[in-house]
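Colleague: Based on these hints, arrange chain H on the given structure of chain G.
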Amino acid sequence: MLEWLSSLGITEVVLQLMLISAIMGLSIYFTLYTGMFSLANAAFMAIGAYVGALLSTQLDQPLGVCLIAGALIAGLIAIPIGWPVLRLRDIYLAIATIGFGEIVRIFLINFDNVIAEILRNQTGERVRYELLGGARGIRTIPTYTETWHLILFVLILTFLITRLHRSRFGRAMAAIRQDEKAAANLGINVVYVKNVVFVIGAVIAGAGGVFFAHLIRNITPSMFGFDRAVDILAYAVLGGVTSWIGPIVGGLTLTGIPEILRFSQDYRGVFIGLVLLLIIVYFPGGLINPTAWRAFWQRVRRTHA
Amino acid sequence: MLELRNVTRQFGGLLALSGVNLTVPDGLIVGLIGPNGAGKTTLINNISGLDHPTSGTIHFQGHAIHRAPPHQVTRLGIARTYQNIRLFGELSALQNLLIGQHLRGQASLLEAILFTPRYRREEQALDQRAHALLERFGLAQVAHVPAGTLPYGDQRRLEMARALAIQPRLVLLDEPTAGMNPSETRELGEQILRFKADGLAVLVIEHDMSLIHQVCDQVYVLNFGQIIAHGTPQTIKADPVVIEAYLGQEETE
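Quick note, the sequences are listed as chains G and H, same order.
Numbering (my numbering) for the first sequence: 84 to 388.
Numbering (my numbering) for the second sequence: 1097 to 1349.
Chain G on its own, in the form it takes in the complex (with noise of 0.2 angstroms):
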């Protein structure tokens, strides 16, 4: 299997990195699925990846304690960004979401150099501070993720997913997608669900995070700007987002699909939006739709009549 894998151009690494990306769609399904169309992902991902780096180079902690506090820490943050930038909807929760994720990637850029500053003003004299490593990043964090890791991870993810479809929760997250009206009419507290959704997307992209700095070793502010935050929704959006499996297969064809690709050399770039483009034509909810296979069967039954 792994053999053939590679043979593809998918090594071990790729496949790690697809299974990360499956992580990220997922991340962003609990928010797409409650109807909210929130991009700040990839700046809970670096949350999540600055913390568990800086505990594992800094403080020499194993990987289940660098997951548990990037998650919480990534989940805490979400708890006030929620609160005001929930009221907003469609595009607008997307812009100001987007901004979110400028503003983290900022803060990681500028930290050193703010600290710095502030501890020549009291000291008075010139000092080095290094902590986040500004521009770029954080350097040698020990390789921990596993691939057996990301696969346990992706499964644990998707039982608690089919455990919420059928629970109140989960009803209710549908319900505010379709009509956040009448649920809220039918006794659904939409802002509190909303905000539970948007944290738990958030504990998701740090956890993804974790995994992300410990596969990759190194990490800088720039992986986790607006590029990321497109590729997450693209893996959602092209799985389809009216089941769990979407995101997970959009995550792991959109980021195997590039190195399967790679013979192609120079038109790499070309191909993979070929593929895009057929998929958004062909498929517009997303590969795994039922009613779009459908409508696709059909067609290709009436071309061959």
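You can trust all of the hints, since none of them are fake.
Chain H stretches covered by chain G per the calculated footprint, using a threshold of three residues with CB under 8 angstroms from any CB of chain G:
#1 1136-1149
#2 1177-1185
#3 1195-1201
#4 1209-1220
To give a feel for the contact side, a few chain H residues facing chain G, derived at Cβ under 8 angstroms:
#5 Thr1170
#6 Gln1191
#7 Leu1205
In case anyone wonders, no lab produced these hints; they're calculated from the structure.
All figures in this text were calculated on a predicted structure; none of them were measured in a lab.
Even for Gly, the Cβ is constructed at its ideal location relative to N, Cα and C.
Modeller: Chain H in isolation, oriented as in the chain G frame:
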């Protein structure tokens, strides 16, 4: 049971409701009629918490609800339907009724994840009640059909069933018979009378006078945001002010 005092709602320069006083007594069916744009839906939105009055008070069983968010109003036992149906279209009829019972459930998310006996018992009970409601409204065959693809009449009935799923003490119906033929209207009237038999109070917005006569104990007439008449269906029908504002207009059409 429900008491509106001096309720005024202003949208910029427009006075949608102006000093409305209205009471829905325990266990009675109260009708609210009035020409299009009179402010009927605004009134229901203000009671159900989707909108809030600029001034005036709304009390339900002693609780002031004119500043309460919709989910808290619902918690006190007020359910509603909408003029333009607002079902969860992608979800099945059954799921719509399960969501309607949101407040009936106690089990936390953790219990659902752990699949505890309490959670399973509760889900079973919710499921049974949902099926009973589907049965009552003649929707048992379409339990698993997405609500958005149901025929119009079924959607109207499902929305009523969903309002009942809350186990309310007061139901607000916003033009429940819109788009229905006379025999369907009559059937729906019988459903509304059954609400009363079950001890519920009802506030119903209607254009169909035959339904008003069939079900209502009292009628309020709203015109340009003001209550212009109040009485039994018979006295309202004979009131010259009402005939001029509302009924007369209809007859000339």
